[in-house]
Amino acid sequence: MNRHLPVILLLFFLINPCLRAGTSLVTMPAKHKALLESHCTQCHNADKQKGRVRLDDLSFTIDDVVTAERWQKILDALNSGEMPPDDEEPLPNEAKTNFLDDLAHSMVAARKLLADQKGAITMRRLNRREYKNTLRELLGVEVMVTDLPSDSGSGNFDTVGSNLFMSANQFEQYLSIGREALDTAFAWELSAAEERIWRYETEEISKKVAEHVEWQTDAKARAEKWIKAVEKAAARPENAEIVAKLRKEVNNNENNFRRLWEQIPGAPAPASFGFKSIENDADKANAASRAYWLPYHQYYLEQPATDTGMYLAIPAEHPSVLDNGTVSFLLPWSHPAGVSWPGGNYIVRFRAALTGDGTPDRRFIEFGVNPRGGQALSVHEVTGTMDAPQIIEIPFTFPSKKAERADRSLYLREKGTQDHYLQTRRIKNESKDEMEIGMGRTFALWIDWVEIERVPHEDRPKPPGLAALDSTLVLDDKAKVPAPPIEAVRSSLTHFAKEAFRGKEPTPKFIDGLINKYQTRIKAGDHHAAALKESLAIVLSSPMFLYLAEPSLETKPHPLSTTELAVRLSYFIWGSPPDMELRKLAESGELKKPEVLAAQTTRLLNDPRSRDLSDSFAYQYLGLDRLDFFQVNLEKHPRFDNSTKLAARNEIYETMAWLFRDNESVRHLLKSDYVIINGALAEYYRIRGVVGDQFRRVKVPADSPRGGLLGMAAVSLMGGNGEETSPVERGAWVLRKLLNDPPPPAPANIPQIARLSGQVLTTEERLTAHQEEAQCASCHRRIDPIGMGLENFDAVGAWRTEDTYIVKDDNGKPVKGKEKTWQIDPSGQLYKGPKFENYFELRDVIDQKVDDFAKGIAEGLIEYALGRPVGFSDEDLVASIVSEAKEEDFSMRKFVHAIVQNPAFQTK
Amino acid sequence: MKTRRHILKSSTAMIALPALESLGFRRFASAAAAAAPPKRLVFLGFGWGVTDETWFPDIKTPGPDYELPVGLKPLGRHKKDFSVVQGLWNKYSVEGHAGSTWWLSGANKFAQPGQTMHNSISADQVAAEQLGVNTRFSSIQLDDSSGKSGGHGPGLSLAWDRNGKPVAAFNDPVKAYHRLFSSDETPIDVQKARLAEERSVLDTVLENAKSLQRGLGKDDNEKLNEYFQSIRDIETRLSKEEKWIGVSRPDAPIDEPRSGLQGKEEIRLMYDILIAAFQTDSTRVITYRQPGGQTLLDSIGINVHEHDMSHYITTKGEKLAASQKRDLTQSELLAGLIDKLKATKEADGSRLFDNVALAYGSNIRTGHHLTNCPTILTGGGAGVKLGENIVVPHNTPLCNAWLTMLHGVGVEAERHGDSTGVLKQIIA
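Those protein sequences? They're chains A and B, same order as listed. For the first sequence, this note's numbering assigns the number 1 to the initial residue and increments by one for each residue that follows. For the second sequence, this note's numbering assigns the number 1001 to the initial residue and increments by one for each residue that follows.
In case anyone wonders, no lab produced these hints; they're calculated from the structure. Be aware that one or more of the hints could be misleading.
Stated by the list, open to error - Below, computed lysine-lysine pairings styled on DSS-like, alpha-carbon distance capped at 27 Å:
#, chain 1, residue 1, chain 2, residue 2
1, A, K808, A, K832
2, A, K208, A, K276
3, B, K1316, A, K118
4, B, K1210, A, K498
5, B, K1109, A, K636
Keep in mind that this is a model prediction, so the values were computed, not measured.
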């Protein structure tokens, strides 16, 4: 129990110590009775009930919805300033602050108490993540599930059954996605042996530059000839009057003057010099005469290796005219044989080198899909030189041949050059001075060729869903084959259903229904395989597939069957169904043995599929959805480009995965002497000696602010809006995620502080205003000091020692003279806790509270594993997991083992 | 369902049809000799609140002679035809970021012990149960296509069914258009066979559900009930489809919309679809959870984050300006909708406007404030008093207004949500 919570817990123990159900009480501390009596009950009592509110009989124990609502009313009335009324004596500020602090926390506790499921685990359907994983395990393909509700973001984990609903619309989505998955799986299987490779020599792009230069040079010469001819005509004495008039019309702008060539007697048509355009041919001629980027393109052609490859340039022309800033290549539609390239596993490969002409930071190439709109999927460090270029390989899954053009368009480009047009413009402006020609940018990266290879997968074991089908059945739905014997269809459907239902037998009547569907489709003219898929899609929309059921008519808690235990275990660690080994141990009953269960837990954790637990727990526990709330302001934070953001996001996932893999202590998330980074992130953090795209453990010096979550750029980013920091967000995040002391949710109806708008204040001065009003102070006195202690990290996690505030006008433009710069003072004190002088001491203070953090992790993992919210009745369960984990210095895997071995995990 | 190939037929007739003489009226002409146009109900919810200082009329000038505040100026030409109601709220609402979840239900999030989230039926669905019997769609829900529910809170639309479960919406104007107006040209017996086939799919999964149910305890059974309910909902829809087999979909009074529009243009489009749906009597109840946050701001060129905008009060500057520009855009759009409601003629010569009851607003006033929920009522369908700044006692249940509107359009309901009675002040 957190020491701040004004809650008294009374646990009544049942006879069976394992199945102890608790009862707990939330009480508002009795000391606040005085305040209620002195300021409220005169008007709200048995005789006088102003506003029909009576408070003298209000119970200080909050144990039902009615009492909770009465207290909520008090909280609302005080927060909004409605009570006490203006003509009554106001509450003393400090007493009010403390009252609100305790009441807000009591309400959180009461809501938690009232939502307590007392250990009951509701049957639940697969959440979106598990549904996707399960289809992958069953059919061997990745499917898009974005049409389904995400199931996260309700404040609980996505495994909590009571929040996982079903609707008619969703049922139809399941049918449709199931069909899509079967289509893809059948197609992959049919093309299992197909091996294809396609190479693009990038000197093709260099050739386009050469062609463009040739055209530009010629057009410039023609345009100049035309201009001379126009000028000659304009100079004729008989034209003097009309020319003077026209020149005046266009304010002597020569370009615009030439646009009026038709009115100048004797001036030749641009068309006769080869310039045609829709509106005014002169526009084309004028533009050609400027040929602004010609020197840059000529400079490109002067580079030594344009005949064998291409240099990644900063985009100068519109991409429809010339694009040498990107290597775009299409995953081919058609094959010489006339068949489009099938879905499956691919490798994208390219040969590249550093030219030596770029600054050291310019050594990264981005890879992505859809060059016009998509964000990079990965970023790759280039170390090869022009003498010894290097080959980089990127594994890539191409789901379906049906993909649209945008999803087949792959690209490579220099990192951080084309995230946004403003970024491209800024880079051009910044780099032109370094160029002798006064424009463009040096070329840092050279590419020789790119290759797409489809990897055959004949030797891959058949996914269990396909293995369940009778091997004589034809899977090609274009093949006109005689319908197979119905027995073969029947046994296929039965085996498939049993596989999909995680070992449960379907009833004959259910199979009859599937057969009926199959035959109806055949009668309607469908080919055999198409009809089969229709029936199989029904299996994938049936409750035995969609729900993780642990049926029993027993009303009292009872042990799970070993099969149910196997399902719980594999969905906990893999988010997907048990594999053959686990199922066999379940069938034989061996899994019941604690040592077998422990060994299986370890085996599952060692399997790459355990990234599902690591990633989705990190995402949900740390609230990483916030990373996508804001666009980073790239003009203010130019170094934090999209690929850096990608690497920063991955740092969190990789660190969590590292803890699981190496069984490190979770305390390393609070403070550690190492970071888990790759070359791209090392570049951002300015840590030397890290080369390559793999994330690895790198030791940091003792005085480094990095090491632990608080030093991660992605965490800083979440505590702001991509432009400025938000000490309130950061403080609340630390309380919620690291100290397991969540502040109550932002209350409704609090009067906001308007008087500070337009004033030039430091962040601290602005925040101090929070502390004036009791409604604000009751929470912000805990939140703000922590947030202020993290102010040395800017909005994108770069270290800083000063900060600036600029007042902005209605158009978002800075107001001149309304600006203030100050030294950041991170010193402060945790509310009723230790003092700290700077960020490093704050980190130590938080590190000291590792027990609180471990408790938060334990509660999170329990909720995640059991699929129900952790209530007060779980105090004992939580305490035992924490103490077991503590025996091994809170090592990550110990939490998992302790939960799996706990009776709560093995009981329904 | 997308199993069978539908041959989509979409009309591109530009000229507004002689409204309501199409499908709906021919179909029911025999039932009533001189059919009065049906009553329709619309709720438009925009999630985040409005600018406190510049959206609300002065509460000291109640009645018809009030001055339109800046944020409502674009509605000036309709001043006599809408009312602003002030003082309403949902007393149980405590979520400062959920302007839509409980807006039409007035439910208490915490009402259900053992649950972290509770809701109950929304007013539109109460109406749909009675007004939706004779139309192809009992109700239509429209939603923000971006799928980002900024400011709206949990839910799939403004609508929640009788079990307090979210009701799905069309969130793509193009899809909505085709569902409403693209006829299924397949022969009737083929359509009937298709329905039979869909029913047999439902029978098959129900068989599976029943065998799963046999072993389940009480709580699990309740969970599985959601599945049964989903299947029942589809069955209801199929029965309705069956009734409508052979009745071709009405010609669309509007062009097929362009796809990919977001924010302001999407709202305009959805408003057109709303009118078209009423014109063709495809439904009589429509809700629209319209983009009020980031997608709207992006579409009008405002570079401020939605949540920052909603908390404009502490810094003002460009955030206040963004909030006000958002208000103006929303008011312009609403004014455009009212124009079209007035311009659309019914079969009996009256205006569509006269037969529609429309409520427009949010559960959030501004910032995290949940009192005096912004509320505009318009249309003549429910006998609501128009043209006034109606100030009701502070903290009057919003559900009283919904109950009054329900009664106004002829829906029988004793109470709704936390209503304490009808709101006499808004009755003409």
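Non-conforming hints, listed in increasing numerical order: Violated hints: 1, 3, 5; rest satisfied.
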